[in-house]
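> Going letter by letter, the sequence shown gives residues 23 to 87 in the numbering used here.
Keep in mind the hints are simulated off the structure, nothing from the lab. Hints are all accurate, no fakes.
Taking CB as the label site, the calculated pair distances span:
hint, residue 1, residue 2, range
1, G50, N70, 30 to 36 Å
2, E48, I73, 26 to 32 Å
3, Q49, I80, 16 to 22 Å
4, R47, I73, 25 to 31 Å
Where a beta carbon is used, it is the ideal one built from N, C-alpha and C, also for glycine.
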Amino acid sequence: MATTTDPKGPKYYKRGSTDVWDFVREQGLNFHLGNAIKYICRAGYKTNSKIQDLEKAIHYLTNEL
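Could you put the whole structure together from the sequences, leaning on the hints where they help?
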């Protein structure tokens with residue numbers, strides 16, 4: 023069962039046992055790393071988004087560097 027704080031949120035963030043936002047918060051990730059994780063986790067699960075989501079993840083990782 024997901025430990026999400028928002029059970030009504032999008033399903034593409036809730037495929038595992040933990041909501042992506044909860045994972046980011048538990049790991050203490052900053053804005054750039056948290057967003058990279060978010061886009062990686064939803065890549066291919068939101069309609070026609072895989073390439074765009076992975077490009078966004080790369081953008082946030084580049085900014086982190």
